[in-house]
Structures are given as C-alpha cells and as structure tokens.
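A.B. asks: Take a look at the letters that make up each chain.
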Amino acid sequence: MCEVAIVGVGCVGFRPITLELSYKELMFEAAVKAYEDAGGIDPRKDVDVFVTCAEDYLEGFSIFDEFVPDQLGAALRHLFTVSGDGMLGLATAYMLIKTGHFDTVVVEAHSKASDILTYMDIVNFGLDPIFNRPLGGHPYYIAGLEMNRYLHDTCTTEEQCAQVVVKNKKNAIANPYAAYGADVTLDQVLCSKTLFHPLKKLEISTPADGCIVMVLASEKVAEKLTDKPVWVKGVGWCTETPSLETRDWTRAIYTRLAAEMAYKTAGIANPWRDIDFAEIHDMFAYKELQHMEALKLCDYGEAGKLTEEGLTALEGEFPVNASGGLLGMGFGLEASGLQKVLEVVLQLRGEAGSRQIEDVEAGLAHTWRGIPTATGAVAVLSNVK
Amino acid sequence: MSAKIKHFPGEPIETREFREGKVLTESFKPKAKYAWSAGIAVSRFLEELKNGRIIASTCSKCKRIMVPPRIYCEKCFKPTDGWTYVKDTGVINTFSVSFLAADATRLKEPIVVAIIDLDGASENMGIVHRIEEYGDWKEIKIGMRVKAVWKPPEERVGAITDIKYFKPVKE
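Line by line, the protein sequences give chains W and C. Each residue of the first sequence is one higher than the one before, counting from 2 in the working numbering. Each residue of the second sequence is one higher than the one before, counting from 14 in the working numbering.
Looking at chain W on its own, in the form it has when it is part of the complex (with noise of 0.2 Å):
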C-alpha cells in the first residue's frame, strides 16, 4: 500500500474571539493557506474527498454538513462530515488514501467557541440524562473526579500538575497560533482559585476560535506538490464506556488502546526512544501528565516527575507540547486533534520558528475529545518515508 502523507497545511487563529468573521469567512481563509502551502493545488479540481469534523450542537446547526462546502471549494464535489475531533477525519483521510481509490483528501476542523453563549450548558447536555444531569453541577467536575483519583493512585503531586501549566503557557508566548501564552509561576497557578477540586482555574483550558485546513496526499502525488512532506506512520482511535459509574478513573485507557493501535502501524517499539517530541491533549494541566503515561512515553504515575525534572520542557530530552498545548494556545473544540497535528507538522518541517526542537525526525499528535468523553486519537507522523 502506498505511504501518506501531509502535503499542506492552513491555520486561521487560535483567538479569544473572531467577531469579525463567520465560521465559513475563518474556513475559507484556512483553506485558501492550506491549498497554497500544499504547492498550490485547485480544489475545485485536485482533490478527491473533503472531509470536515464538526459537531452539530457546538455549531448551533441541525445537520451542520450541509453548511461547509462552498467555503472549502468543495461544492458539487465529494464531501461527507465525521462528528468528531478533527484527528478522527486525518484518519479517515488517511485510510481513504490508502485504499488506493483517492490520491488527495482534504481535512477541516474549526472551532467558533465564541458564538456559543452557553458553552458550558452544551457540555452539560452531553451528560447522561436520566443517572448524571438532574445531579447538578458544572459538568468539569468531572475532570475534578478524575484528577483526584489520579492524583490519589499515583502520588502525582499538585506542583507536578501546576508545572505543566508553567511549562505550556510559556511555550505559548514563541508560538503565533496561540491565543493564551503568558509568563505564570508555579505559585501563581496554585493559589488560582479552586474550582473542581483539587482542579484549580489556571490549570484549565480556554476555548478558543481558530480553523485549520489540511491536505493530505498518496506518496505519487505528495512527492510533486511539496519538497517537506510529513509523512503518515500510523494513526488510532479508541472509546471507552461512556458510563461514569464504570469507567476508569485513573489510566486513560482509550488513549492506551489508540496508541497501541497506531504504534503497531508506525512499528514504534519503544516510544520514548523512537520519537522525539510530542503534542498531547492537556484540556486540564494534569490530563498531559495521564495521557503521557497512557502513551507508554513513561511507566505509570512517572510523568509528573519527569516534568517537574523538566525533562518535558522545549529544550527537555522529549518536549511536549512545544506549541503551548492547549492551555496555551486555546481549547480549539473539534479543531483540538488538528491543533496537535499542526505543531508537529511545522516542527518536522523545520518551520517552527523560535520554538523549534533541533533534529527531528518523528513525532506524536495525541486528541482526546474533553469532557465528558472517554475518545482519544493518536498520529505518529515522520519527515522520513
């Protein structure tokens, strides 16, 4: 089967706010970078399958598909939606690709989380209706739940968390695509207020608005539209139950299982040793620290200390979150798989200006899709066939 690989990529954001353009204004322009940066390429013309990611209730659309094509070039072409995060379509472009059928797919994925007045009440509505909604209660406190457990088993230490929050806001401030970098101190972070306990306010995410556009392409095609093609090693996905009652509360075992599925397709061994930096989900500081675990990029309840040893940090043996992570460059809702994957495409490519890690050759994009999912996804991606 042939290799793929990412041949493009298009950001618009990642902002506090964008009144001044619409969803399809924010689409168009990601769009329009993303087929430049991809050698130029004419979407109306040059690419088989659109596929965007979005979910109905965060737009404010019933069947919202139907709302993006003409934005993308994709009018009257082939274009179908995943209710998802955004890494869930990279997948899907990449098995379309690799059935031989497709040369050149495009993936979006956008947040417009400023036109959603009642963000928080639409989290809610995810909740189960009849065992956990009528309970009450901002629907974080599940993350609250789960920190603490995590904590609890672990020995994961609230410093070890609060210093992902240092270390990714000042990531941040290097990183144009960020919305929220900043100079904080460990102090500060932990006397920022309580808000789900032990969760405290600096150590959770913002939303943000941002798009972001790819194009992925065969190896045939790839190799004439740009000279720095990222390369596709493996992807996965896995959920969990969705049940709160039975879930782990602990180890982010879909994360486990998504990774293990993409490291058999990549032929990733040992993780920490066969890739070099990666961009991991931290909607919360100390979700960066679970997931590394579940990862296998440390054993379990070890990567607190490898953070607090700075072995994480952008000049660190394995930087993650070189961007600033989410918490420093903004919750992107469905766009949040794409943020990752946008970070190490531009740090493999050499292209990561003042905050790019010196000889790479492969690194992680991790997704979760925040509360109160149990969905991850994982890409390994290489700038070496």
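If you are wondering where the hints come from, they were derived from the structure by calculation, not from laboratory data. Because the structure is a prediction, the values reported are computed rather than measured. Note that the Cβ used here is the ideal one computed from N, Cα and C, for glycine as well. Treat the hints loosely; a few may be bogus.
[Unchecked claim] Interface residues of chain W toward chain C, partial, derived using beta-carbon atoms under 7 Å:
1. 29
2. 61
3. 76
4. 119
[Claimed, not checked] Subject to a maximum C-alpha distance of 20 Å in a straight line, what follows is the list of computed SDA-like cross-link-like pairs (lysine to any residue):
5. 46(W) <-> 75(C)
6. 44(C) <-> 372(W)
7. 44(C) <-> 124(W)
8. 177(C) <-> 76(C)
9. 91(C) <-> 71(W)
10. 46(W) <-> 183(C)
11. 42(C) <-> 95(W)
12. 44(C) <-> 71(W)
13. 74(C) <-> 41(W)
14. 46(C) <-> 61(W)
15. 183(C) <-> 102(C)
16. 180(C) <-> 109(C)
17. 44(C) <-> 132(W)
18. 76(C) <-> 45(W)
19. 44(C) <-> 127(W)
20. 386(W) <-> 95(W)
21. 42(C) <-> 122(W)
22. 44(C) <-> 65(W)
[Said to hold, decoys possible] Some, not all, of what chain W presents toward chain C, calculated at C-beta under 8 Å:
23. 20
24. 22
25. 23
26. 57
27. 58
28. 74
29. 118
30. 122
31. 123
32. 156
Since the structure of chain W is already known, use the hints to place chain C on it.
C.D. replies: What follows is chain C alone, placed relative to chain W:
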C-alpha cells in the same frame, strides 16, 4: 429475537400501557444559545437591508453577481473582488404554499414561501422570502414578477425580515 439469542430482558408491552404512562421517560430542556458572527459578507448585506437596498458580491473571473453575498466564489474559489447593488424586484423561481406552521399545527392562512431570482443578480441567485398580497394562492405562478415590500426605515434592524414580504407586480 435473533438466531442465537432467544430472549432479551423485559416484557412485551401494549399501546394501552404507553397511554397510561406506565413507560417511564426523563425530560429535559436544553439551554442552547448562540450568537453567530455574521462576518464580512453577510454583515454588509444586513447593513444594506437597513438602508433598503440589496447588495451582492461579485467575481470578475466568473462574471458572477452573487446574492446573498459571500467573500469567495464557490465556482472558482477566488476571493470576491467587488460589491454591487441588485434590484428589489425579481421573478419567482419556485414556490410552495405551506398550510402548516413549524410545529405542524394547521394555519388559518397559508404561508407562501418562494425562491426569488433577483433582477441584476446572476442566474439562480436571489433571495428566499414570503409572498403576500397575492389574492388567491392558486393565482401564484412560477415566473411571476414580484417586488419587495419593505418595513419603514425606522423599524429596520438589519435582518432578512426588514423586507416584510414580496408581492406580485404587473409586467
């Protein structure tokens, strides 16, 4: 049930038991509120409705005058490169007479919704709006000429309803 499993948990129930409320449900009213940014093209369109005018965006490459306006031409995928006003008159492309309200209750007076190709816009471009002052709805025809009836300037707010409706006009 299936070839391998002969029995699922539970008992068969009858319509009567539904009616008597013996089947339990949980109800919930979602609080879903949005404020969609109109953006560059649609904001201009809404502003102009307030002025009593309909504006289109143009693509000089495809020679298209597009209404509702957008900032891209979906045919050639280039950004649009101009603005122009179109008329508030046009021709009924198609119409339907709706005897039901959105909640499926019967209306006393039907609502006539039409696709109107506006004068000055490219082919198959225009506006969706209601038709009123038509007399008997059976007199409404595809191809019939119509004109916008606007709200008075002081009542316009920059919304599609700044045009009250379209009414048939003589050729």
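A.B. asks: Decide, hint by hint, whether the structure agrees.
C.D. replies: To see whether the hints hold, each was checked on the structure:
no.: 1; hint: 29; verdict: 5 Å, holds
no.: 2; hint: 61; verdict: 4 Å, holds
no.: 3; hint: 76; verdict: 4 Å, holds
no.: 4; hint: 119; verdict: 5 Å, holds
no.: 5; hint: 46(W) <-> 75(C); verdict: 16 Å, holds
no.: 6; hint: 44(C) <-> 372(W); verdict: 18 Å, holds
no.: 7; hint: 44(C) <-> 124(W); verdict: 10 Å, holds
no.: 8; hint: 177(C) <-> 76(C); verdict: 31 Å, violated
no.: 9; hint: 91(C) <-> 71(W); verdict: 11 Å, holds
no.: 10; hint: 46(W) <-> 183(C); verdict: 45 Å, violated
no.: 11; hint: 42(C) <-> 95(W); verdict: 39 Å, violated
no.: 12; hint: 44(C) <-> 71(W); verdict: 30 Å, violated
no.: 13; hint: 74(C) <-> 41(W); verdict: 18 Å, holds
no.: 14; hint: 46(C) <-> 61(W); verdict: 8 Å, holds
no.: 15; hint: 183(C) <-> 102(C); verdict: 11 Å, holds
no.: 16; hint: 180(C) <-> 109(C); verdict: 15 Å, holds
no.: 17; hint: 44(C) <-> 132(W); verdict: 19 Å, holds
no.: 18; hint: 76(C) <-> 45(W); verdict: 17 Å, holds
no.: 19; hint: 44(C) <-> 127(W); verdict: 12 Å, holds
no.: 20; hint: 386(W) <-> 95(W); verdict: 15 Å, holds
no.: 21; hint: 42(C) <-> 122(W); verdict: 11 Å, holds
no.: 22; hint: 44(C) <-> 65(W); verdict: 19 Å, holds
no.: 23; hint: 20; verdict: 5 Å, holds
no.: 24; hint: 22; verdict: 5 Å, holds
no.: 25; hint: 23; verdict: 3 Å, holds
no.: 26; hint: 57; verdict: 10 Å, violated
no.: 27; hint: 58; verdict: 7 Å, holds
no.: 28; hint: 74; verdict: 4 Å, holds
no.: 29; hint: 118; verdict: 4 Å, holds
no.: 30; hint: 122; verdict: 4 Å, holds
no.: 31; hint: 123; verdict: 6 Å, holds
no.: 32; hint: 156; verdict: 40 Å, violated
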